[in-house]
Amino acid sequence: MSDLEAWRAKAAAWCESMVPTFGKAARKGLSVEDDLALGRRYQKAKFDAGFAGINWPTDLGGQGLGHIEKISFEAEEMKHGFPNVYFGISLGMPVPVLMQFGPDRDFVKERVLKALQGEEIWCQLFSEPSGGTDLAGLRTRAETDGNGWKINGQKVWTSWAQYSDYGVIVVRTDPTVAKHKGLTYFWVDMKAPGVTVRPIKLAGGDSHVNEVFFDDVKISDDHRMSPVGGGFAVALATLMIERYVATDSAGFGPHLDLFVDLAKEVRLNGRPAIEDGRIRQQIARNYAMRAGLDSINVRARRMMEAGMTPGPEGSLNKLVAVRSRQKLSELALDLQGAGGFAFDEHASPKDDWASSWINAPTGRIAGGSDETLLNTIAERILGLPQDHRPDKGIPFNQIPA
Amino acid sequence: MSILYDEGQQAIATESRRALEARVSKDELLPLLQTQGAYHQPFWATAKEQGWTALALPEAYGGLALGLIELGLIAHQAGRTLSGAPFLTSSFGAAKAIELYGSDEQKARWLLGLASGETIGAIAFAAGPDPLPAEPMVTLAGDRLTGVAGAVSGGLFADVAVVLASGPSLVLVDLTGVDRTAIDSFDNSRCIADLSFADTPADTLATGDAARAAALHILALQAVVTAHEQTGGAEALMEIARDYAVTRKAFGQPIGAFQSIKHRIAELYGLVELARANCIHAASREDQADFITAATAARLSATEAYDTAARDCVQIHGGIGVTWEIGLHLHMRRARSLALEQGSSFFWEDVLVDRLAGDEA
Chain A
77 MSDLEAWRAK AAAWCESMVP TFGKAARKGL SVEDDLALGR RYQKAKFDAG FAGINWPTDL
137 GGQGLGHIEK ISFEAEEMKH GFPNVYFGIS LGMPVPVLMQ FGPDRDFVKE RVLKALQGEE
197 IWCQLFSEPS GGTDLAGLRT RAETDGNGWK INGQKVWTSW AQYSDYGVIV VRTDPTVAKH
257 KGLTYFWVDM KAPGVTVRPI KLAGGDSHVN EVFFDDVKIS DDHRMSPVGG GFAVALATLM
317 IERYVATDSA GFGPHLDLFV DLAKEVRLNG RPAIEDGRIR QQIARNYAMR AGLDSINVRA
377 RRMMEAGMTP GPEGSLNKLV AVRSRQKLSE LALDLQGAGG FAFDEHASPK DDWASSWINA
437 PTGRIAGGSD ETLLNTIAER ILGLPQDHRP DKGIPFNQIP A
Chain B
3 MSILYDEGQQ AIATESRRAL EARVSKDELL PLLQTQGAYH QPFWATAKEQ GWTALALPEA
63 YGGLALGLIE LGLIAHQAGR TLSGAPFLTS SFGAAKAIEL YGSDEQKARW LLGLASGETI
123 GAIAFAAGPD PLPAEPMVTL AGDRLTGVAG AVSGGLFADV AVVLASGPSL VLVDLTGVDR
183 TAIDSFDNSR CIADLSFADT PADTLATGDA ARAAALHILA LQAVVTAHEQ TGGAEALMEI
243 ARDYAVTRKA FGQPIGAFQS IKHRIAELYG LVELARANCI HAASREDQAD FITAATAARL
303 SATEAYDTAA RDCVQIHGGI GVTWEIGLHL HMRRARSLAL EQGSSFFWED VLVDRLAGDE
363 A
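Residue numbers (this note's numbering), protein chains in the order written: chain A, 77 to 477; chain B, 3 to 363.
Source of the hints: derived by calculation from the structure; they are not laboratory data. Worth double-checking, as some hints may not be accurate.
So these bits of chain B aren't anywhere near chain A, every CB distance computed over 12 Å [as the list claims (entries may be wrong)]:
| # | residue |
| --- | --- |
| 1 | Ala110 |
| 2 | Ile185 |
| 3 | Thr206 |
| 4 | Asp245 |
| 5 | Ala304 |
| 6 | Glu351 |
Covered stretches of chain A, as calculated for chain B (at least 3 residues, CB under 8 Å) [what the hints assert, rightly or not]:
| # | stretch |
| --- | --- |
| 7 | 200-207 |
| 8 | 229-240 |
| 9 | 359-368 |
| 10 | 458-470 |
Facing chain A, according to a computed beta carbon distance under 10 Å, are these residues of chain B, among others [to be verified]:
| # | residue |
| --- | --- |
| 11 | Glu269 |
| 12 | Leu342 |
| 13 | Asp356 |
Cβ coordinates follow ideal geometry from the N, Cα and C atoms, glycine included.
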């Protein structure tokens, strides 16, 4: 057994042992608040067992291992439906960026340790009503205020802001220069006066994203994590940190074998749906697509093991998998006919077709829409030209609204 | 588990690409479309010289004892350059059938020639639209074969064929003296012919369920080689489309700056990479229990990639794309001929779903 196989076996055994306390059955029927409390205990257990901050430095409470160990653990962890969703963003982007760019190292260490143990949660305040994809077009502004800064404006789609203790934020500090040159990156205390969080109820019924309003929120200059005007580079660095995450060729929806089981159960025209050519074609096409992603991901893992950088084809995962999950979920409802109406708002998108279907659009939009991903593939991988951008090089305050 | 190509395998890819790009040109391929009974001689000469015909065959019979991974890499390059003969796949299928199911005597008689490329092999399993018929139309009585094996790729020049005959039986047939009728097709260099057997002597390789399983295995081996070829063709088209989109201008900018164009090409990238990943995986599973499933995924995604790339690449070119001269129709034609050889997507979808549903015979 290689070191990595041993690591994965250890991860699998630990995850298995956590199922009675933190698994799907233990979470069933809990309110969000109770589930979050359970999640905090799970995160602490993970930390104590040496599975938190796997690829983070040991002096900050991490394990000092590689991306590959982290991904291996995540692949095991995601089999069980543990309450870890509240910490995904926090430990995925804001806290790593704090580790990298936080100016006060003692403060950084204290925050990182609390976040790793589930005591504190961080959010990422990037998107705004005026634009998500067009990040550099943001309007929330920070003006100098004595020795510090004063923030006014609004962020939106901020995951878990209602439970967050801190956030990282990009704001405009100079509207007289080109849009991406006038931004600065800070961290903020989400409990500070002037910060208002308002949850947004999403189509599927849950409210994990929020609007966040800033009204004269005062922060000192030691909150600054980039040079003044240098915030865009740190924002990009934030988005690059999470390249090495576990992927799922089912698009974080139900796996294909559940669809095959359904097709064997229900009848179409008096015979099992699995005998119907239309259904068979969909199964076969989905299998071929998902097998392709699986193979891409295995190869990416092998490249990491060999010390190489995985190829750009990994960028296909989210685009291809979530889109197909959406269609397959529609088809699963079709298959059930009138039986497909039943809806449980608290069901998991990973094993419930209606839940998977209603939440699929979020997956195709959040973290880069399909269209944005296609642009990225076209421009970065294939060398095709950028879209026409009328705001290019123009001072922000002169861009026609 | 999938694999990463090692240095030797990468060298095979580079060298075969160099050899083919130097020897194959669209100007020589275009006239073949309007010629019956001819293939692109320089391609086949290159394949023999470079030892590609011997690549996946056993050393004892003049082979190089490499496998599907290496042959797949060659096929990928052959797909990129639209190489003008089907024999790399058809001879490989026939040779594998002889290697896996033949007697020592049969191996001694045929494999050396197939490995050197002097002998050309073909596979004749299909009956009409069915690539693996339960009731083959060619009948075997004693050791004599009678009936017509329709539309055999490479059949016009094959010296030996592996035929699925009544029984079912998988048989080996020396094609010397067998009547062949060339089929005028949209891709004539595939050398497709009806083979007419009349009391033709045949050696049995397998019978009953074993014959059917053997035929499916051979078909799957060929399908993986073909899938690499399709992926190569799709990759070439994606690059041709990209190159055109960055140079051709309309409304004052390269057409590749329009999302209707750039997204179409990005989607092709996705199809090509999924097909490539499935091909690599399938080639690495040759002797494993899940080989047929892996082969099927490769086959389905590669067919989709090549057909879509052919469609979209022509569309992105606009008017110039439909001219004879530019030759994109060579890829359109090849995409379709490769989609039909080794069984259409309908066939492979059924093979796959039978396995996923646990119903395979």
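For this session: Would you check whether the claim that Ala304 of chain B is not at the interface survives, using Cβ distances to chain A and the 12 Å cut-off?
Result: Violated, because the least Cβ-Cβ distance between Ala304 of chain B and chain A comes to about 9 Å, which does not exceed 12 Å.
Problem set entry | Closest CB of chain A to the CB of Thr206 of chain B still more than 12 Å away | 33 Å, holds
For this session: Examine each Cβ of chain A, and state whether all of them lie more than 12 Å from the Cβ of Glu351 of chain B.
Result: 4 Å, violated
For this session: With a cut-off of 10 Å on the beta carbons, see whether Glu269 of chain B makes it to chain A.
Result: 7 Å, holds
Problem set entry | Hinted contact Leu342 of chain B with chain A - closest CB pair below 10 Å | 17 Å, violated
Exercise. Mind checking, does the stretch 229-240 of chain A have 3 or more residues with a CB under 8 Å from chain B?
Worked result: This one is violated; 0 residues, fewer than the three required, reach chain B with a Cβ under 8 Å.
Exercise. If you look at each residue in the stretch 359-368 of chain A, do at least three have a Cβ nearer than 8 Å to any Cβ of chain B?
Worked result: holds (count 8)
For this session: Could you check that no beta carbon of chain A comes within 12 Å of the beta carbon of Ile185 of chain B?
Result: 28 Å, holds
For this session: Let me know if the C-beta of Asp356 of chain B comes in closer than 10 Å to any C-beta of chain A, holds or violated.
Result: 9 Å, holds
Problem set entry | Assertion that Ala110 of chain B lies outside the chain A interface [Cβ separation over 12 Å] | 38 Å, holds
For this session: Examine each Cβ of chain A, and state whether all of them lie more than 12 Å from the Cβ of Asp245 of chain B.
Result: 10 Å, violated
Problem set entry | Coverage of the stretch 200-207 of chain A by chain B (three or more Cβ within 8 Å) | n = 0 at 8 Å, threshold three: violated.
Checked against the numbered hints above, the structure breaks hints 4, 5, 6, 7, 8, 12 and satisfies the rest.
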